[in-house]
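Chemist: Sequence:
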Amino acid sequence: MARAKWFRWLTLFFALQSAVLFASCAALPGSTSENMQQGQNHAAISALPTVTPEPTTAAVPTPARTPSPTRKPSPLPEPSPTRKPTSALEPAPTATPTVQPPTEKQAVSPAPDVNTGAQLAAYLAEPENGQKVGDRAYRLNGNSWHNACVIVASEALRQVGYAIPTATNYTPVLTRQLIERGFTRHTDMTGLQPGDICFTTDAKGRADGIPTHTFIFLGWAAEGEMHIFDNQMYDYGCLYHTRFVDLAFFQNDPAQPKEATAYYLRR
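Residue numbers for the sequence shown follow this note's numbering, beginning at 2 and rising by one.
It is worth saying that the hints were derived from the structure and are not from the lab.
Treat each hint with caution, since some may be false.
[As the list claims (entries may be wrong)] Now the in silico label distances, taken between C-beta atoms and shown as ranges:
#1 N253 <-> A164: 35 to 45 Å
#2 Y163 <-> A126: 14 to 24 Å
#3 N130 <-> A256: 30 to 40 Å
[Claimed, not checked] Straight-line distance between alpha carbons at most 20 Å, and here's what the computed DMTMM-like set of lysine to aspartate or glutamate pairs gives:
#4 K133 <-> E181
#5 K259 <-> D203
#6 K205 <-> D254
#7 K259 <-> E181
#8 K205 <-> D136
#9 K259 <-> E224
#10 K259 <-> D189
#11 K205 <-> E224
#12 K205 <-> E181
Predicted model only: the values in this text are computed from it and were never measured.
Glycine is no exception: its CB is placed at the ideal position from the N, C-alpha and C atoms.
Whole structure, please, built from the sequences with the hints as guidance.
Modeler: Written out as structure tokens, the structure reads:
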């Protein structure tokens with residue numbers, strides 16, 4: 002009974018409450034239509050599709066750089082095999098010397114003391130030999146007699162066994178070559194002997210200058226005048242002619258001096 006009574010009172014309370022609320026809403030002017038309009042607007046707005054914002058594209062993370070593979074160290078070259086030492090060559094057997102029976106030694110004759118001057122004078126005593134010397138010297142000098150005195154004297158010496166170089170064509174050079182071969186220098190004109198190689202003064206008459214001429218002494222024609230052999234075919238027309246020991250002039254021409262003899266070489 003008590004529960005039914007409590008339920009009636011509660012129903013009455015809600016009915017009164019609803020009546021009061023309805024009365025207050027009806028008292029407001031235009032409230033119904035406005036509310037309805039607002040309701041419709043609200044319904045229309047609700048009916049519009051809601052624009053969903055596009056989701057922001059998340060930044061793609063940059064892929065981490067793949068580390069390059071570590072370079073493998075090159076393998077160390079294998080050591081070349083050590084070359085085996087070659088065996089030392091065995092020394093060739095020494096040949097046993099053959100013992101020869103003793104032979105009787107031959108006596109060696111001493112070399113004769115050859116007088117070069119005498120040998121040279123004897124050779125030039127034959128005109129054919131003098132012509133041979135002249136012909137060879139003439140060709141060596143380019144077919145000319147001028148400035149050929151050293152070449153003529155050198156060729157005569159070659160004919161009797163002295164290896165004077167064919168390029169010799171200067172009086173100081175011939176002097177040196179003869180001294181190197183054992184010739185000695187002399188200045189005493191009274192001691193001249195056939196075959197001596199004579200040299201003159203220089204153009205100024207100096208005995209220690211460069212000789213202007215050389216010739217081979219063959220003998221005396223007269224006091225102070227010699228028989229000689231040289232190249233001066235252009236003045237005398239012959240390889241054999243005379244010449245004064247002292248200064249003289251060919252055909253008394255001051256322009257053609259014949260310088261005095263300064264020294265001679267002998268072996």
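Chemist: Taking the hints in turn, state whether each one holds.
Modeler: Evaluated hints:
1. A C-beta distance of roughly 41 Å is found between N253 and A164, which places it inside the suggested range of 35 to 45 Å.
2. Between Y163 and A126 the beta carbon distance is about 18 Å. The supplied range of 14 to 24 Å therefore holds.
3. Evaluation of the 30 to 40 Å hint for N130 and A256 yields a pass: the beta carbon distance comes to about 34 Å.
4. A C-alpha spacing of about 26 Å is found between K133 and E181, which places the hinted pair above 20 Å, so the restraint is violated.
5. For the given pair, K259 sits about 10 Å from D203 by alpha-carbon distance, which is consistent with the 20 Å threshold.
6. A distance of roughly 17 Å separates the Cα atoms of K205 and D254; the hinted pair therefore holds under the 20 Å criterion.
7. At roughly 28 Å between alpha-carbon atoms, K259 and E181 are farther apart than 20 Å, so this suggested pair is violated.
8. Simply put, K205 and D136 have alpha-carbon atoms about 32 Å apart, too far for the 20 Å limit, and the pair is violated.
9. Restraint check: the Cα-Cα separation between K259 and E224 comes to about 17 Å, which is no more than 20 Å; the hinted pair holds.
10. With a C-alpha separation of about 19 Å, the suggested pairing of K259 with D189 holds against the 20 Å cut-off.
11. As the CA atoms of K205 and E224 are separated by approximately 24 Å, the hinted pair breaks the 20 Å bound.
12. Using a Cα cut-off of 20 Å, the hinted pair K205 and E181 is violated, with the two alpha carbons roughly 28 Å apart.
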